Every structure is written in structure tokens, then in C-alpha cells.
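On the provided structure of chain A, position chain B as indicated by the hints.
Line by line, the protein sequences are chains A and B. Under the working numbering, read the first sequence as residues 18 to 589, first letter to last. Under the working numbering, read the second sequence as residues 18 to 589, first letter to last.
Hints in this document: simulated from the structure, not taken from any laboratory. What you are looking at is a predicted structure, and each value in this text was computed from that prediction instead of being measured. Please note that a few of the clues may not be correct.
What the hints assert, rightly or not - Here are some chain A residues the structure puts well away from chain B; computed CB gaps all over 12 Å: (1) V138; (2) N146; (3) A196; (4) Q305; (5) Q317; (6) E380; (7) D387; (8) P408; (9) T457; (10) G488.
As the list claims (entries may be wrong) - Quick look at which bits of chain B chain A covers, simulated, 3 or more residues with Cβ under 8 Å: (11) 36 to 44; (12) 391 to 398; (13) 404 to 416; (14) 423 to 434; (15) 564 to 572.
To be verified - Negatives, chain A to chain B, calculated, CB over 10 Å: (16) E60; (17) Q199; (18) A218; (19) D282; (20) L302; (21) Q304; (22) E307; (23) A308; (24) Q314; (25) A358; (26) T372; (27) H374; (28) H404; (29) Q508; (30) K532.
Glycine is no exception: its CB is placed at the ideal position from the N, C-alpha and C atoms.
Protein chains: 2
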Amino acid sequence: MGLIFISITSFDMKIVLAQQNYHIGNFESNTAKIISAIRTAKEEGADLIVFSELAVCGYPPRDFLEFNDFVERGLQCIKEICAEADTIGVLVGAPSINPKVEGKDLFNSAYLLYEKEIKGVVHKTLLPNYDIFDEYRYFEPAYEWNILHFKGKKLAVTICEDIWNLGDNPLYRVCPMDALIQQSPDIMINLSASPFDYVHAAGRKSIVKQNVAKYKLPMIYCNTIGSQTEIVFDGGSLVMNAQQDIITELPYFKEAMQMVTFKDDGTFEEPVTLTADKVPLVQLLPQQFEANHGIDQIHQAIILSIRDYFGKMGFKKAIVASSGGIDSAVVLALACEALGAENVRGLLLPSQFSTGHSVSDAEQLSKNLDSAYNIVPIKDIFESFSHSLQPVFNDLPFNVAEENLQSRIRGALVMALANKFNLILLNTSNKSELATGYGTLYGDMAGGLGVLGDLYKGQVYALARYINRNGGIIPTNIIDKAPSAELRPGQKDSDSLPEYDVLDPILFQYIERRKGPKEIIAMGYDEKLVTRILKLVNTNEYKRNQFCPIIRVSPKAFGIGRRVPIVGKYLS
Amino acid sequence: MGLIFISITSFDMKIVLAQQNYHIGNFESNTAKIISAIRTAKEEGADLIVFSELAVCGYPPRDFLEFNDFVERGLQCIKEICAEADTIGVLVGAPSINPKVEGKDLFNSAYLLYEKEIKGVVHKTLLPNYDIFDEYRYFEPAYEWNILHFKGKKLAVTICEDIWNLGDNPLYRVCPMDALIQQSPDIMINLSASPFDYVHAAGRKSIVKQNVAKYKLPMIYCNTIGSQTEIVFDGGSLVMNAQQDIITELPYFKEAMQMVTFKDDGTFEEPVTLTADKVPLVQLLPQQFEANHGIDQIHQAIILSIRDYFGKMGFKKAIVASSGGIDSAVVLALACEALGAENVRGLLLPSQFSTGHSVSDAEQLSKNLDSAYNIVPIKDIFESFSHSLQPVFNDLPFNVAEENLQSRIRGALVMALANKFNLILLNTSNKSELATGYGTLYGDMAGGLGVLGDLYKGQVYALARYINRNGGIIPTNIIDKAPSAELRPGQKDSDSLPEYDVLDPILFQYIERRKGPKEIIAMGYDEKLVTRILKLVNTNEYKRNQFCPIIRVSPKAFGIGRRVPIVGKYLS
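Extracted from the complex, chain A is given alone in its bound form (with noise of 0.2 Å):
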């Protein structure tokens, strides 16, 4: 990670943003990681170096903040941190203890580490607990606000969300900023962990810019990045001065430093406005489904995702289930593309019902890809199955049980050389599938990670034409037969499903915007088709239960950001 200098002078306060990406409880890397970029910032002359929320730990830390060990590892690193806070500044979010018997036990704080000695330590004031946020679960919200003396200068420092709370709705009653502008700051600073979708970007520009034309100060505003499980960090630290001009924007989805000098007439050196002029002061989800919408970003998010889902996990090979369909074929390439195609294995797994092009398409994506595939036919393992169950059968007719055995057949075989040659099934079911409850628990619902999962089928033909951007990865007929499950013979989806340009608007309304059943009908929808597509979703929330980790890409994804009852009777 190499140092990017946007100015120096003689004198003035060089601050240094550090974006990094950390391991959740692993302490000993996180704490390597950060000190190595406390050392490369004094070479470099640094005044003060900030970091991102809650980087000694790793962000989100969830239950294992119940253990006071986890706790105190924590407080141990930043010992260890301010030992080497000498001549510069540091400030660092890590958990730290309430001392006071009410409340909760933890604040989720920043430490201003200097002169190796803990100068001050500020605590979150508004917790997240929406979506995939849990904060209230482990700590208490700051009840006081003071601002951070250092080196002459006046720091306000918040923490992520702590900026967030603007608009003709807030969600919370205080504002810590009202209070910390009472004492007069030069600048604010806040130490972020804000998750990645496809419109968070913006938004996230949006509101630094909000605050400062609240509040009339500068802003350094310092995130992570990578992936954690199912949550993409992305990053984009940036620099904002009082008159709104973007100083400097960190990249997107890779960690970087940067310094800039802020000076005592509270201005930058050499400012460079990136992209200031078209920050919009409001970013909001579109109103309707677009498929396109931020594919670039989707794309990034994804392939840091799955990387870092193997690199932390200590895995290295990946195999897909390659059914000839559009989502297997964009889940083998995004993965050849995340891991190397040395370490992905495709399998095909054709049954009796499979067509002929199925084989050829999977086989000729694979060529393209220049990764390994085998071939496992599923035709005599059913047979066995139907012979072994034919005297409980006996002469029932074919239906959901068989189509549902093949798929789990498939499985099985799938898993079987996971476990064999220690490789990670990559699980290639798409948003619009999970949300019907179109699949097959412990078939092709199987997999350690979701790729596709927070993908409606639209979006999943848009990133297929994304990845051949630039040439035919992805073979045309692939993209453009109709897509099928091909578990009985002439099976198509639509046969089961409403056509996914009209399943995916509907879905992205209940999902994403909340609707209910009347205001969807509302927008011009069939009332009899969003009747069984909102009964369809509520009625799966069983099988979703129990599937593997998605990839969030969108601002409501399934997983551990919605959170139904399975048993209910909503709209069901």
C-alpha cells in the first residue's frame, strides 16, 4: 500500500487518511496493519493519522463483543498502538468500557492516541440497529460531547452515523455535531465502517457535503474497506473543505493513504475538487427496478467480496455447479476473475432432461475461461434413487419430489467433490429465485457463499453483458435462451414464475421499497399477480432461513439485514 502525498508544506497539520481492510478479531493482523501505517505516516512527516470505526477489531464484531476476553484483546492492541503514537497523533476506533453501572457495558469509540498516552476517547452517539446494523445490541450511545485538543487544533470527532442524522425525518433526537460546534471546532473528523450498496456512494458524498454546509467546517471522512461475510466496505475516504470543494477522494474497494495538509487559516494546500460540482444533496434508491443501475460498482463489490470471503476464511479453490444458465456462468466467471481460473472447477451435472446445448454452452464457458470442468451425468443415481424408493413410491406419478431429488442429487455429487479436493461451492442462486422460493433446499440452494444472491435475474443478464464487456466470455446463447431449471422435460421458468421483467419491478418494490400489496397494485400492477408474488416471498422466508451468506450489493438484501418471521401470516 503505497503513500500518496496531495501536498506538503513547512508547517500547517498533515493529516494522513488510512483506509484499510481488516479481519474481524483477528488482532494481531488488524493491529500489524495499522501500526505499519503509523510508521509510514511519521516517515512521511504526518501530524496525525486516523483510521476507520472500530479498526482495532474489525467491523461488524456482532456477538463477540459479549466476551469480555474479545473486549480486552482489543484494549490490549491499542497499548500496543499507543506505544507507537510518539510525535504523532492517532486516532483509531476500537470498543471501549462504560464506567458508569447503567447502560450498557461497551461505547463504540475513537481514541486520540499521542505522546504514547490515551489523550481523549469520544463514544458514538447514534447507534445504527436498521438493516444489517446491531449497534444498540452492544453499546451505549454517548450521553456528553466534547471536542479533542491536539497540537493547537480543535477536533470534532464522530463516529459513522454520528453524521447521518439530517433530513426532514431523522431517525434519532440528538445530533452530536449541534453540541460539538457549541465549542467551537476547526475540523471535523469522522472515523467511519459504511457498507457498500449501489447507491451508498453518492449518498455517503452527499451527506459529508450536508454537514458541511451545516456546520461551516472542514471534514475528513475516513472509512474501511473489504468484506466481511456478506457486508462489502468500499471505502472512499475523502477530504472536504468548509467551502464544499472535495479535496481528495480515496479509490473505491482497495485499501489506500493519502495526506493532506490542512492549514491554519483553516483552508488545504492545493485542493483538488474531484467530482464536488455533482454530488447531488440527495441520493435516494430510484423508484422504479433499473437493472443497470450501478453494474460497475456491483461488479467490484462482488469480486473484492468473494476474494476476500476465501482470503480471510484461509480457502484458496471454488467450484461451481455449471448448468449451461445465465446465473452459472456469471458466478464461474466472476469467481475465474476473483480467484484465478487455475483455482475454479466447474461441474456439470446433466440429467435426462438436460438439452444438448446445456452440456455444450457450460462446456464451451469454461474453454473461454481457460478453467478446469468435469462432467458427472445425474441419469443413473436417479434410477438408483427411483428403485430404492419405488416400494414407499410405488406408483406415484413424477412430480415435485423427483424435480427436487435431481436438484438434490446435483447437490450431493457437487459437495462431494468440494469435500474431496477441498474446494468451496460457490451457490449461483439469484434475488428474484430466493424471493419466489424458486429452488431446492440442499440442491441448488447449496453453497458456502452467495454470489448472485442480491441479484434480481434483470441484473444478473446485466453484469453476464458487463463481463463481456470487453469480448465473448460469457457464450451469446447463454444469454439468450429462455432460462430453465430443466428438471422435467421442456421446462422453462416462466412456466412456474411470472416473466422476471415483470417479477423484478414488483419484487423491488416489496424488497427494497417496502411496499405493501395496495400501493404496488397502485403503481398499475396486476392485483391477482402481486397477491402471488408478495404471498410467494412471505411463504419462502423458510427456505432463505436457511441459506448461505449473500453478497449485499443493494441497499436491502436477504440475509441478516431482513429479518421476517418464518412463522406468520402476513400476506400469506
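Only chain B this time, still in chain A's reference frame:
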């Protein structure tokens, strides 16, 4: 549901406690049940009827609360209930809308309905957000507190957690009763949805008693019953007078209504002291694992939970993969008790590694239960898989891949029967196995409901003995033999895991008591063993993440109440 009279006199205030079982989101059924109770209470001359927390929508509604449509349906039901509240007062729980723009948009409220009007609404102050609870995700806490006036009495109404903030290390900074007591109320009334675990019932009586002692007022405490996916509510509503006598206690795990007469002088008529002297003032989780602790309550909770899961999901029949081992035997016996033996089918799936007694024991069990079973040997199917995989596996030795494959063949077979005959697969994994990852994803970890997933192996044995308390339902041989997965010749669980009487107590310290490695080792356990077990727990989170809902009977069950990162590096 009959109305039981505790006492009736000429005047004074007659208060009915309605302890009911609701269905989340089933507004029609919940409202009908509430109205029916109101009519019964009116016939008996009651002045006031008290229901439980969020009775109208069911508890916990989770992310359904993010739909305006859902909230509006609840408000509509309040109107319908209001129309019944003419000469009788009704205290009932439902969400209400926060009129202020700041803060979250909803409150968790209790409505006082009387003379067909909403006479008052009080909001919950303390929003639990630990373990299975997520209330701060949805609700704004109350910031002002007012008693409700009703027929000349001043009611201090609180909601569930509001009365729990006592003790040496309170979780919240305020106690709403501290504010309400300033307004000289006559009586405290608490509407609860407080779930069962095997130490909770005693804890609940203790907290009611502590409130009565602190505020010197009688308390009406009304809880719900019934199971909501994994969470079981056990009822135990009660009335305590200001002298800390329990006037009446409603039954556990059953719907019930009782009426008490609260006299003008602040006493109750004919106090019936049931267990007041036995109530401990502090109820803690045992310091050490005790396999028999609360086993009778656990049995009741599981029976209710299976029955409610099926009833509320609209299912009738269950299937259990019956191995001849202790776990499946206990599940089969519980299923027969909960659903009726005629609605339960066992499936025996012997392999070449199954011992002869496995089949005969499992057959004897189904005969003892008078429940149907089928036998489908897996040998031929396994050979068919081996043959099809041979070109890929070549001559690699038999290992975990083939072991898991047998388990997955069983999973596919039992799911085939489930799909063909419309049965729900009950899972038999226990907490010791789930903790250590001793199970096969998509194999023995398959199923719709984890019946034993919150019981350590020692507790499963205790439950087996409890089931056999009136005679030998579960064959002695099943209870006496050494546990084995029977996936290779002569395999025993103890080849891979420590003996359960060593394993369970260590898991209990780590999972229930959140002790770190140093603390557990300091209790006298072997360091290497502790390190190995904690690593097993933390590296198998990815498996538990794909597991079905687990019936919760302990204060810390796997599932929604325990949220740890999958990708992480803590003790792993």
C-alpha cells in the same frame, strides 16, 4: 378457554387477565380472539381486561413492522376492538405511530380503550435489543410518562422490559416506574411478551416481586403464550399484592383467563397465595452445566413449540430420519406426543455401516409409539454415486467426502418422502453437535425445525429419561449404547469429539455463560481441550448459519439470539 373466577364482589374493580396465543400478522384471528375474550369478560361483569404486549399483531413481528401496510392493519384492529370496549376497559398491546419527525416512526404501545374511545396510549421505554430481541430496530422509546385514569383508579402501565431494569448493573439509564410513582398510582399493570427459557419463570416472579417491593404497589402481570418459530412464550401471568403475596398465577404453556377483584383499599379479595415464599429474589443461570435443570418445563416447551409450528404454518404431518440413536428417538417420541402418532412417520435409512441393532432398535421405538415407519437402505444408491464419481475421484481413499455423501443421500431420501407425502422433516441435531460442527450440511442437518438444537447431549439423555418416566417408550438399548454416526465401520462420536460429559460443560461455559478461554481454563479444564473446542465452535458458524430454526429452551440458543461473524478470526 374457560374463565376461572378467583373472586367477585359487589363493587371494586374487577380485572381480567387474558393470557392468549397469537399468530404473527394474522390480524383477523388475533382480533377475533381478543374480542371473544372481551365479550366473555363483559358477561362476567369485569371492569377491565388486560392483554399482552403487541397482542394485535403478535410478538415478535420483526421486519413486518417496516411495512406501513402492516402497521395500518394493526391500527384498524384497534378500531375494531375499540368498538367492543363500551362498558369495559381494555388494555391491549399494538404498535402506534410516533407523531414527532425526530426519532423512529413507531412506538411499542399499550392502548386503553373504554366507552368506545382510545382513552390513553402509553409507550414502552426500555427496548430490549439483546439475544433474540431487536426492539430498538423498530421502536422509539418513551421519553415522558403518565399514569392512566380509569374508573377512579390510577393505573401505572408498563410494557414487559420496562420493569426489568433493576439490579447492580442495570442495562438502561432510566426506570419508567421511577417517573410514574411520582404520580401516586394505585396499581401497576405490565403487558408482556416474555419468552420461556429454563431459568426464566423463576426470574420473572423475582422481578415482579422486586418491583412490588420497591414501589409498594400491587402488580398485574399479563404475558402471552405460544410458540413463534423458535421462541416459546410460557405464560405464567400473575397478580401480586403490595405485600408481595401472589394472589393468582395463570398456568404455563396454556391459554387462560382469570379475574381478580382489586378493592378500594388497595387489597385484593381472597388472596390465593400460591408460591410466594419460594420465589428467589435473584435467579441466575447455574454456574455449572446441569443436564436435568428444568427438564419438565423444557419438555412442555418443545411439545408446545412443535404443535404451534405445525398449527400456525398449516402443516399436519412430520417425518423423522430414525437412526436407532438417542437423538432421533427423542424427536420421534416428542413428535408423536405433539402431533399424534398417526401424523408421524419414521424413516430408517440403514447403510452397510449400520449395526443390526440400529434397525431393530428404531423399529421397536416406532412400534412402542404405534407410529408408522419405512425402511430404505442406502447401499445401492451409495454405490451408484461411487460409480458415477469414479472417473473424477479415481482411487482416492474413502474419507469425509464419502461419509458426508451417505448423510446427504439420507437427506435426499427423507426429503423425497417429505415432498411426495407432504410431510415436514423434523431435524434431530443436538446443541453439542451444532456447537462443534459434528454434522453434515444438507445431510443430517436438513429439516424444517430443530427440535433438539438447544439441548446439549446430556440434556437429550435427561429428556429421554423424562419421556420414559411412566414406562419404556424409548428402548433401553437406545439410551444405553455409545453414540455413533455410523458412517464408517465401528465409528463412535468419541473418535472425533471429547466424551459428552466433558464437552457439554465446556460448551455451556462458552455459549451460555460467555466465558473466554482463560476463564474456562481457570475452572480447571484442560487448556488444549478448551482451545480445541472453542475453535470448533467458532469455525463452524458457517454450518449453523444454514441450519433451520431451533426451539429455544435455554437463555442462549443458536439462531437469531446468537449473532457472530462467519468470516472472523477469534479463537479460530
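Hint check:
The non-interface label for A/V138 is consistent with chain B: the shortest C-beta to C-beta separation is roughly 19 Å, beyond 12 Å. Annotated as non-interface, A/N146 brings its C-beta within 12 Å of a C-beta of chain B; the closest such distance is 5 Å. Once the 12 Å rule is applied to beta carbons, A/A196 is consistent with being away from chain B; the minimum gap is 15 Å. At roughly 19 Å, the least C-beta separation between A/Q305 and chain B is larger than 12 Å, which holds for a residue marked as non-interface.
For A/Q317, the shortest C-beta to C-beta distance to chain B comes to about 19 Å, beyond the 12 Å cut-off, and the non-interface label holds. Listed as a non-interface residue, A/E380 keeps its Cβ farther than 12 Å from every Cβ of chain B; the least gap is roughly 16 Å. For A/D387, the condition that its CB be more than 12 Å from all CB atoms of chain B holds, with the nearest at approximately 20 Å. Its beta-carbon lying about 8 Å from the closest one in chain B, A/P408 breaks the requirement of being farther than 12 Å from that chain.
A cut-off of 12 Å between C-beta atoms contradicts the statement that A/T457 is not in contact with chain B; the least separation is 9 Å. In this structure A/G488 is separated from chain B by more than 12 Å, as the shortest Cβ-Cβ distance comes to about 31 Å. With 4 residues bearing a CB less than 8 Å from a CB of chain A, the segment 36 to 44 of chain B meets the requirement of three and the coverage assertion stands. Taking a C-beta to C-beta cut-off of 8 Å, the segment 391 to 398 of chain B contributes 6 residues in contact with chain A, enough for the three needed, and the coverage statement holds.
Residue count for the segment 404 to 416 of chain B with a Cβ under 8 Å from a Cβ of chain A: 8. That meets the three needed, and the coverage hint holds. Evaluation of the coverage hint for the segment 423 to 434 of chain B: fulfilled, as 8 residues show C-beta separations to chain A shorter than 8 Å, against a requirement of three. As drawn, the segment 564 to 572 of chain B meets chain A at 3 residues by the rule of a beta-carbon pair under 8 Å; at three or more, the given contact holds. Here A/E60 stays apart from chain B, with its beta-carbon at least about 29 Å from theirs, past the 10 Å limit.
Non-interface status of A/Q199 relative to chain B is upheld: no Cβ of that chain comes within 10 Å, the nearest being about 19 Å off. Residue-level check passed: A/A218 sits 23 Å from the nearest beta carbon of chain B, beyond 10 Å. Against chain B, the non-interface label of A/D282 holds: every CB pair exceeds 10 Å, the least being about 36 Å. Consistency note on A/L302: stated as away from chain B, and its beta-carbon is indeed over 10 Å from all of that chain's, at 14 Å minimum.
Non-interface call for A/Q304 relative to chain B: holds, since the shortest CB-CB distance, roughly 16 Å, exceeds 10 Å. Distance to chain B confirms A/E307 as a non-interface residue, since its nearest Cβ pair spans about 22 Å, more than 10 Å. Every CB of chain B is more than 10 Å from the CB of A/A308 (nearest about 24 Å), matching its label as outside the interface. Its beta-carbon lying about 21 Å from the closest one in chain B, A/Q314 satisfies the requirement of being farther than 10 Å from that chain.
Interface exclusion of A/A358 from chain B stands, the closest Cβ pair being 19 Å apart, more than 10 Å. Every C-beta of chain B lies more than 10 Å from that of A/T372, the closest at about 20 Å, which supports listing it as non-interface. Non-interface status of A/H374 relative to chain B is upheld: no Cβ of that chain comes within 10 Å, the nearest being about 22 Å off. Not every CB of chain B lies more than 10 Å from the CB of A/H404, the least distance being 7 Å, so the non-interface label is violated.
Every Cβ of chain B is farther than 10 Å from the Cβ of A/Q508; the closest lies at roughly 17 Å, confirming the non-interface assignment. Non-interface status of A/K532 relative to chain B is broken: a Cβ of that chain comes within 10 Å, the nearest being about 8 Å off.
Hint compliance for this structure: hints 2, 8, 9, 28 and 30 are broken, all remaining hints hold.
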